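Below, each chain spelled out in residue letters.
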Amino acid sequence: MNSIRKILILFLIIFIKTLYAQSNVNPNVSAVGTFNTFTNFIKGSDEYGKLNFETPQLELFIDGYLNPYSRATVDIAFEEGEFGVEEIYAEILRGLPLDLQLKAGKYLLGFGKINTVHPHAWPFLDRPLAHQVFLGEEGFNDIGLDVSFILPFEEVYTSFDIGVFKGDAIGKTEADAEDEKSIMELRGINPITVGRLSMFYDIDEYNNIEVGLNSAYGLHAKSELNLLGDSTATLTKENLYSLYGGLDFKYKYKPDGYTSFVLQGEGILNNRDVIRDKGFGINIEKQAVEKITTFGGFIYCDYQFLKQFSVGVKYDFTYGIIGDEPGFNTLSNDDKNTTSGISGWFGYYPVEETLAFRLGVQHLTFNYNDGTSRDGETVFKLQMLFSLGPHKAHQF
Amino acid sequence: MKKIILFVLILLFQITTFSEVKIVATTTVIYDLVKQVGGDKVSVDYLCRGDQDPHFLEVLPSYMLKIRKADIMFEIGLGLELWAQQLIDGSRNSNLKIVDLSKEIEKKDIPTGKIDASQGDIHPNGNPHYWLDPDNAKVIAQEILDALSEHDPVNADYYNSNYNKFVKNLDEKMKQWENKMKKVKGKPVIFFHASWIYFAEHFGVKIAGYVEPKPGIPPTPSHNADVINLIKKNNIKFIVMENFYSDNAPKQISSATGIKVIKVPVAVFGMEGINSYIDMMDYLINEFAGNI
Chain A
3 MNSIRKILIL
13 FLIIFIKTLY
23 AQSNVNPNVS
33 AVGTFNTFTN
43 FIKGSDEYGK
53 LNFETPQLEL
63 FIDGYLNPYS
73 RATVDIAFEE
83 GEFGVEEIYA
93 EILRGLPLDL
103 QLKAGKYLLG
113 FGKINTVHPH
123 AWPFLDRPLA
133 HQVFLGEEGF
143 NDIGLDVSFI
153 LPFEEVYTSF
163 DIGVFKGDAI
173 GKTEADAEDE
183 KSIMELRGIN
193 PITVGRLSMF
203 YDIDEYNNIE
213 VGLNSAYGLH
223 AKSELNLLGD
233 STATLTKENL
243 YSLYGGLDFK
253 YKYKPDGYTS
263 FVLQGEGILN
273 NRDVIRDKGF
283 GINIEKQAVE
293 KITTFGGFIY
303 CDYQFLKQFS
313 VGVKYDFTYG
323 IIGDEPGFNT
333 LSNDDKNTTS
343 GISGWFGYYP
353 VEETLAFRLG
363 VQHLTFNYND
373 GTSRDGETVF
383 KLQMLFSLGP
393 HKAHQF
Chain B
1065 MKKIILFVLI
1075 LLFQITTFSE
1085 VKIVATTTVI
1095 YDLVKQVGGD
1105 KVSVDYLCRG
1115 DQDPHFLEVL
1125 PSYMLKIRKA
1135 DIMFEIGLGL
1145 ELWAQQLIDG
1155 SRNSNLKIVD
1165 LSKEIEKKDI
1175 PTGKIDASQG
1185 DIHPNGNPHY
1195 WLDPDNAKVI
1205 AQEILDALSE
1215 HDPVNADYYN
1225 SNYNKFVKNL
1235 DEKMKQWENK
1245 MKKVKGKPVI
1255 FFHASWIYFA
1265 EHFGVKIAGY
1275 VEPKPGIPPT
1285 PSHNADVINL
1295 IKKNNIKFIV
1305 MENFYSDNAP
1315 KQISSATGIK
1325 VIKVPVAVFG
1335 MEGINSYIDM
1345 MDYLINEFAG
1355 NI
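So the protein sequences, as listed, match chains A and B. For the first sequence, this note's numbering gives the first residue as 3, with consecutive numbering after it. For the second sequence, this note's numbering gives the first residue as 1065, with consecutive numbering after it.
No wet-lab data here; the hints were simulated from the structure. This structure is a prediction, so every number in the text was calculated from the model and none was measured. We put the CB at the ideal spot given by N, CA and C, even for glycine. Please note that the accuracy of each hint is not assured.
Quick list of simulated restraints, FRET-style, between CB atoms [stated by the list, open to error]:
#, chain 1, residue 1, chain 2, residue 2, range
1, B, N1189, A, P29, 39 to 49 Å
2, B, K1278, A, V87, 51 to 61 Å
3, A, P29, B, G1184, 16 to 26 Å
4, A, N369, B, P1188, 34 to 44 Å
In silico DSSO-like pairs for lysine-lysine, Cα to Cα no more than 27 Å straight-line [as the list claims (entries may be wrong)]:
#, chain 1, residue 1, chain 2, residue 2
5, A, K52, A, K383
6, B, K1130, A, K254
7, B, K1171, B, K1270
8, B, K1327, A, K252
9, A, K254, B, K1133
10, A, K394, B, K1278
11, A, K256, B, K1278
12, A, K256, B, K1171
13, A, K256, B, K1327
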């Protein structure tokens, strides 16, 4: 009890300092612009073979220290013609008991290694398919707080993070991502828990590896089911839970400042309650809750050479059909159909990473359990990125 | 019982007396100078390897572990280690003392007027490559001495004695270096990156130009052509470059002019056999004097 009181007092001191500290130092402000053009080769599409121009995207980052113990970050995004707050959070970096770090706000969760990295910093151009299916079109981005511990190992940097989040990101995989109301109706107020254990090891001066284990558990939807199938039957309320398990790794070989090779991959296991129609005969409306287990993942390698160039390939596989509307039988709730993808890219960074040009191609193959035939889709994309203002050093 | 308490107290005293000051140095030059001054009373580790460009270091969690254990972190400062703050934050070490070794350095190349990225990777508070002037090695060692003596006053005399030995040794070496560099004095030299102003001004070497068109900006064909003209016009003998940079552009210039390209270490452990600051300076002086 005494130690809890001490922690509360420390929090108060830090936050009161933040509120009343006067500062004449400006935060860092930086902008990242992304401009994509693409050509798809999707049979039957009106846009087949035509050059498309996407509305340029902007991310405006404002970050800095609030005081010697904590810092805050704001990321405002302009995508598809609309502004939105991508991330807004504060972190207490030092001064807490047990060297804990605390982070609170809206941000990209540490579920896997790639999710916390903004897309402009990925070597590839398209979000991994498994992330699109299980974590949503914009990644696992949610509102909540988490604490981070460093475990006391001498040679292996081992961190354990655990947090509680609103859970909307999971709801987005089965409801319209833009319609907050429909997500709320699906989930109500039911926070989810997300955890990550990661271990980083220096193999030698030029080779490093990190592996991580991830989990996310919580209620992903609430529903009223007709368990009997009788049209006059009283509907039964059911809570539907999901458990995501994840495994990720990243290996990097960097012999000098001009060359590097990265091999990285992630896998997500999805175990969840889903609603399935079981109706037949007079019980035509009968429904049931079933437990399904699906999975997805990706693996890629990226080779940087002469400092200014990079090439890479990625293989993706996931349950669910990419492009399906979120729903109770699609994407993360789909245990019948799968999508696989192969992509490649070439990057050119003329001067450091303030300006980048990337050419990429992705081919998707769809596999329907009921034998439905669908042609694969190929999209070529040319991307220009710029980074204006201070940018941080590369994190492994 | 009294004997046990006495034994425990003696043991604790021993541990306290012989516990080393844990230091992390951002570069291997600092690492060596801390070893020179701290001797066996400190345990020291470094972040940036001698064969790495200290401007760009990837933020590795293993570096955070090194900082996490440290009592003091010494850094070059002047914006060289822009990566350091991320590592310090990641280390969660709230007791870490950070010592910026540039405090007493007479800074050079401080840009004037409007500063922006069109000027390349410039350092608004001055050029950070000051360790290449051996006079500044004394200033760095003095800063290290002050920080160690303040943190560990019990061993202040020991540190002071080590510092004096180092300075005496350095002074003797400096006489040799200055003697060898007499023949290079006033001679024009092309450098790859704008990191040699302190060295050049100390030894009277004339900086004729740089292979990089602006600091940190990769060489371009048109700039290479300018450098080639400059070399031909001024009969310049060699290009000096840090050994962690690509020598593609210097080699092209060399094939057009016949100029020598000298790749040198600018940090301790930057090359096999370079195990101390004095080794590094010896190597540099010999390369300059031997190739003029």
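For each hint, the structure was consulted:
Between B/N1189 and A/P29 the C-beta distance comes to about 19 Å, which lies outside the given range of 39 to 49 Å. At roughly 37 Å, the beta-carbon separation of B/K1278 and A/V87 lies outside the given 51 to 61 Å, and the hint is violated. Hint check: A/P29 to B/G1184, Cβ distance near 24 Å, so the stated range 16 to 26 Å holds. The hint said 34 to 44 Å for the Cβ distance between A/N369 and B/P1188, and at roughly 57 Å that hint is violated.
Taking the CA atoms of A/K52 and A/K383, the gap is about 12 Å. The hint holds against a cut of 27 Å. For the proposed pair B/K1130 and A/K254, the alpha carbon gap of about 20 Å is at most 27 Å, so the pair holds. Distance check on the hinted pair: B/K1171 and B/K1270 sit about 18 Å apart at the alpha-carbon level, within 27 Å; holds. The hinted pair formed by B/K1327 and A/K252 fails the criterion: a straight-line CA distance of about 33 Å is larger than 27 Å.
Between the alpha carbons of A/K254 and B/K1133 the distance comes to roughly 25 Å, so the proposed pair stays at or under 27 Å and holds. For the suggested pair A/K394 and B/K1278, the alpha carbons sit about 21 Å apart, so the restraint of at most 27 Å is met. Between the alpha carbons of A/K256 and B/K1278 the distance comes to roughly 26 Å, so the proposed pair stays at or under 27 Å and holds. For the suggested pair A/K256 and B/K1171, the alpha carbons sit about 33 Å apart, so the restraint of at most 27 Å is broken.
For the proposed pair A/K256 and B/K1327, the alpha carbon gap of about 21 Å is at most 27 Å, so the pair holds.
Of the numbered hints stated above, those contradicted by the structure are hints 1, 2, 4, 8, 12, listed in ascending order.
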